[in-house]
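Novice: Each residue of the first sequence is one higher than the one before, counting from 63 in this note's numbering.
Read the hints as simulated data drawn from the structure, not as lab findings.
Only pairs whose alpha carbons sit at most 30 Å apart, straight line, appear in this in silico DSSO-like list of lysine-lysine:
{"id": "1", "residue 1": "187", "residue 2": "177"}
{"id": "2", "residue 1": "94", "residue 2": "187"}
{"id": "3", "residue 1": "126", "residue 2": "179"}
This structure is a prediction, so every number in the text was calculated from the model and none was measured.
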Amino acid sequence: MNTFKKEERLCSKKLIEELLHNGSSFLLYPLKVVWLIKPANEPNPYPTQLVISVAKKRFRRANKRNKVKRLIRESYRINKEEHLYNFLKEQQLTLLLMFSYVGKDIFTYSDLEKKIKLCLHRVVKEIEKR
RNA sequence: AUUGCAAACUGGUCUGUCGCUCUGAGCAAUCAGGGAGGAAAGUCCGGGCAACAUAGAGCAUCCUGCUUCCUAACAGGAAGGACCCGAAUACUCGGGGACAGCAAGUGCCACAGAAAAUAAACCGCCUAAUCCUGAUAGUUAUCAGGAUUAGGUAAGGGUGAAAACGUGAGGUAAGAGCUCACGGCUUUGUCGCGUAAUCGGCAUCGCGGUAAACCUCAGGAGUUGAAAAACCAAAUAAACCGGAGCUAUAGGGCUGCUCGCCUAAUCCGGAGGGUAGGUUGAUAGAGGUGAAUGGUGACAUUCAUCCCAGAGAAAUGACAGAUAGUCCCUAAACUUGUUUCGGGAGGAAACAGAACCCGGCUUACACGUUUGCAUUUUUU
RNA sequence: CGGGGUGUAGCGUAGCCCGGUAUCGCGCCACAUUUGGGAUGUGGAGGUCGUAGGUUCGAAUCCUGCCACCCCGA
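Using the sequences and the accompanying hints, generate a full structural model.
Specialist: Here it is in structure tokens:
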């Protein structure tokens, strides 16, 4: 189930605005994470919608921005089921999530995967606190 | 052979696992097939396409600027000409690029310098008048020098990026393209070669530079861009406030102005309400590849063959392995620096990611290959 | 995607149209003033005019190509 299809991406402008205005956030270099919980009305195979953002100011060339986005997407795709989805399905929640890359250098895949795992763990912890 | 610089070419192939996107098949699960570039980049030109009236006239504005050709078109390309630079110094070879017109008019040319452009007189040179000094004769004459005034002069002088075209002769009080001869650049006419630019001959006219100064001449450009535009669906407020207009001389019709044309009772602004979904445009084309023919060439024509991304907050990725080119080691062969056998290293790397589509230009670029130039070393 | 603009001393600016000498303020340095500092006064230093070419005798200025930054339309 290591997929990343259209239903898992957050495209609606309204939801993105809601996430940015009301969401909680933390910084875990080189990523800034913004998240917002919403109650699940009906059972959904994809309980999370994700935005990946890389600023043009950090990476002027489009191919570098694409490279970073692909690395984030790949590591999220591999790890989300184990570290995030199981927890959310137990709690009957849906989550809006945003990864914003604020680093100045491009990480290698193995390094970035570790960071993504840490981010997912921390999101779970923060939700448990509430 | 080594190293460096410049230009051109090239910008790997294959397999597995997990994924993304499009197309087709299927009720579905799923299966099959396609999936970035030479610059996709910068957005500097040109065109297609679309709307605005069928895009029409004049002015303004902007662009281009040797000739002929290629092209859908171009500020692009090809061939040629003249000019400049370098090498050679007889022939020639290589490189360069905004190369119409200062002889239409206007402007500008700092500092220095006499003067920077209808010429002008600082020194100098020459003429005349007056005065002074000296010499000779001797009491007003001659000669020499100096001063002042009036005029002539661009030969000589220093300055400067540039000094009124250069050299020689005549001419003159002294001089001057003032005149003549030769020469340089240039205008116009004419003759000859060439499609033409241009080149050569003859006659004629002129002589500082600057048009990437204003400008003149010739040619060209209507404006706005796919967020253009067409259609479907959903929704709302034909209401409210302020201004213009009252059947045309207003306003509006995506244009800087005028004319002309069309429209027709509405138009502009403010505050506010609603919706922000889909389809087409949009991927078979000035298409690619190969061959033949024509042409010096850019290119064109014909035939054959192929279908090769089409997303929409935006796909082509991650991991692992093999392999070509490349390098190293060992052995053998001979043509003595190449080939072959075996083993090893390294191996998706640089610049960079389609957003309506094409043709160019510009810029970026690892490894490797080719060519040219330079450097160092070795052998002959 | 389309359109427009700006790069000048450590900082903020003038000069560019119409070519010749780069200006002003703050800051910096030295001196004077003060017991000392501040303020004030006098003097001084500091510039590849973003970068690479071209036109010109001569370029911050004119022309062309790049680089960086900013703004606007939606």
